[in-house]
Amino acid sequence: MFRYILRRVAWSIPTLLIVTFLVYLALRIGTDPVASYKRVNPRASRAKIAEYIDVNGLDPNFVQGYFKWLKNFVTGEWPRSIKGRREVWPALKDAMANTLRLGSAATIVGIFFGLIAGVLAALRPGGKRDVFINTSAFVGISIPPFISAIMFQLLFAVYWQRWFGESLFPTSGVYPAGHTGFDLFLMLKFMALPTLVVAIQIVATYSRYMRSSLLDVLNSDYMRTARSKGISERRVLIKHGMRNALIPVVTIAALDVGSIVGGLIITENIFSYPGMGLYFLKSFGEGDFPLLMPWMVVIVASVLFFNLIADVSYAWLDPRIRLE
Amino acid sequence: MSKQSPNVLSPRQMAFRRFVSHKAAVASCVIIGVLTLFVILAPLTARYGVNESVQAPPNSFLTPRAKSWLGTDDIGRDLYSRLIYGVRVSLLIGLASAIISVTLGALVGAIAGFRGGKFDDIMMRVTDLFLAFPFLVTLLVVRNVLGALPWLRPITGDMSSVRFIIVLFGLFGWMGVARIVRGQVLSLKEREFVEAARAVGASRRYIITRHLLPNSVGPIMVALTFSVVGAIIGESTLAFFGYGPQAGDGATSLGILVGAAKGAVQTGYWWLAVFPCLVLIIIALSINFIGDALRDATDPRLDRGV
Chain A
67 MFRYILRRVA
77 WSIPTLLIVT
87 FLVYLALRIG
97 TDPVASYKRV
107 NPRASRAKIA
117 EYIDVNGLDP
127 NFVQGYFKWL
137 KNFVTGEWPR
147 SIKGRREVWP
157 ALKDAMANTL
167 RLGSAATIVG
177 IFFGLIAGVL
187 AALRPGGKRD
197 VFINTSAFVG
207 ISIPPFISAI
217 MFQLLFAVYW
227 QRWFGESLFP
237 TSGVYPAGHT
247 GFDLFLMLKF
257 MALPTLVVAI
267 QIVATYSRYM
277 RSSLLDVLNS
287 DYMRTARSKG
297 ISERRVLIKH
307 GMRNALIPVV
317 TIAALDVGSI
327 VGGLIITENI
337 FSYPGMGLYF
347 LKSFGEGDFP
357 LLMPWMVVIV
367 ASVLFFNLIA
377 DVSYAWLDPR
387 IRLE
Chain B
2 MSKQSPNVLS
12 PRQMAFRRFV
22 SHKAAVASCV
32 IIGVLTLFVI
42 LAPLTARYGV
52 NESVQAPPNS
62 FLTPRAKSWL
72 GTDDIGRDLY
82 SRLIYGVRVS
92 LLIGLASAII
102 SVTLGALVGA
112 IAGFRGGKFD
122 DIMMRVTDLF
132 LAFPFLVTLL
142 VVRNVLGALP
152 WLRPITGDMS
162 SVRFIIVLFG
172 LFGWMGVARI
182 VRGQVLSLKE
192 REFVEAARAV
202 GASRRYIITR
212 HLLPNSVGPI
222 MVALTFSVVG
232 AIIGESTLAF
242 FGYGPQAGDG
252 ATSLGILVGA
262 AKGAVQTGYW
272 WLAVFPCLVL
282 IIIALSINFI
292 GDALRDATDP
302 RLDRGV
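As you go down the protein sequences, you meet chains A and B in turn. If you count the first sequence from 1, you need to add 66 to reach this note's numbering. If you count the second sequence from 1, you need to add 1 to reach this note's numbering.
Since the hints were derived computationally from the structure, they do not count as laboratory data. Be aware that one or more of the hints could be misleading.
[Unchecked claim] Label-pair restraints from in silico Cβ distances: (1) A:GLY193 to B:GLN247: 26 to 36 Å; (2) A:GLY239 to B:ILE283: 28 to 38 Å; (3) B:ARG154 to A:LEU254: 42 to 52 Å; (4) A:SER233 to B:ARG116: 57 to 67 Å.
[What the hints assert, rightly or not] In silico SDA-like pairs for lysine to any residue, Cα to Cα no more than 25 Å straight-line: (5) B:LYS263 to A:GLU153; (6) A:LYS104 to B:VAL146; (7) A:LYS104 to A:GLU153; (8) B:LYS263 to A:PRO236; (9) A:LYS255 to A:GLY206; (10) B:LYS263 to A:PRO242.
[Unchecked claim] Facing chain B, from chain A, some residues (calculated, C-beta under 10 Å): (11) ASN107; (12) MET217; (13) LEU220.
Backbone N, C-alpha and C define an ideal beta-carbon position, used for all residues, glycine too.
Just chain A, same shape as in the assembly (with noise of 0.2 Å):
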């Protein structure tokens, strides 16, 4: 066991030079930083130019280039970004933290209830409850992120404040303008609606993934066995049934991280929620490329590392499989 996860890591670690490596290249060729570089700065002396060139590893050879940027990179000598020449640690650092806590309130709420509805639907399948979370399920993952946010903020904000006077949930922002300090209730409020849009989509996905894994346990053998040796019930269905479901719905929640993500994105721009996305949609419109980079080393190291996660829980969880 320790072997096989010291040789995923081991592995994981060339992977992550590949792939930042095909994402340097991508925003080379996709973004031309040194053209948006000029745009934003268009009064930029020769001098000045060269310089954001040389400590961006922006040379002509793509190879060279690349391999002068992960120099800086890793010995965290970070380029400041094109506009307003920001620390780049920083932005990010919020970023991350603010999209940790949306994600993981989502992420929770979400695989909490969408376990709650999958075991309910297969308990009993084809009836009508099945139906019912089965059918919602459906719908939940037919809509995409974009659209309910877009529908909650004008039910609730826009909507809300002209029938009572008061919007129920704010639509942007982390706090009210001018705010300072913590407060707990007020950033929970602020979290509400994002946090709904996110996690409607991960109810929707789990409940599924629930329902078949446990569909499959429940009509498996050693389910017949467990009962005919007259264990309770109960102990029936969460000891051998659940345990058992388990399994696979784990190891697609870890591998799933990139498409939570990708629901953070879009949701995070739509309520101005300053994390992951609104950094990356803002940074790539501008082609801020000292800012893009790291966010990209970022999300590729957490896929592989939630990538390595669901290899390890699956062998860790099951003891049916033989790792080498």
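For this one, chain A is given, so just place chain B on it according to the hints.
Using the frame of chain A, we list chain B on its own:
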């Protein structure tokens, strides 16, 4: 059917019966059919032109009324007519790019599944990695790269054109299809009839095109429906964030209309947000239902001897 065996059905007939028993899917077929007729006959069904102003400014925002069933937008254009023209473009984008991506994906998936080995390993690694990334990020980056390569210009056209979007989603959507087809081919190639074909000396190409692909029609059709939805929703997501096709020559798309909804929310022009979103939801839901029923109908594991 022959006289002596009225109860024996061909697999295709069984699939058809299973499909028809899925009520939501049948209703969805009707909805999509009516919608398609509506948009094909756009010059007849639309009440005004795409860019025709119904109500001159300053009071260009009309609420839904007899003159304009679904209200008007910021320059007084009739939303109902624009929706018809928009859905026309969106359905075209969905179908065209789905055909590209399914063709590409089916070929790659079949070859990878059939040959196995290194090619298969690399292909699946690449698709896994691609699918693991946030969809919008990959889409935006790939979009820019495609737009920046000058030698692609003759194929893709201008970055803000509908053709560009079709090529983009065509190139983007094949990976999911490839995985599905690969899985199907992997299980098919161990079956007796393939072995028999190989035994009589059929070439690889013959086996893939005559045995493996025709037997994967079910999953491929399912992948096609989901690709159509993917492209339609993808287009509107791109347009929503301002990266979609541009409204040149008076053309519009569902994405452009949904994108306009963003600005309409805070000012309370609810019809501009609700109707385009509703149409998008109905289209996505209907096609998804059809795809779901197709999967149930063509998956032999679910065969309950209907």
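May I ask which of the numbered hints given earlier this structure violates, with the numbers listed in increasing order? The structure conflicts with hints 1, 5 and 11, although it agrees with all the remaining ones.
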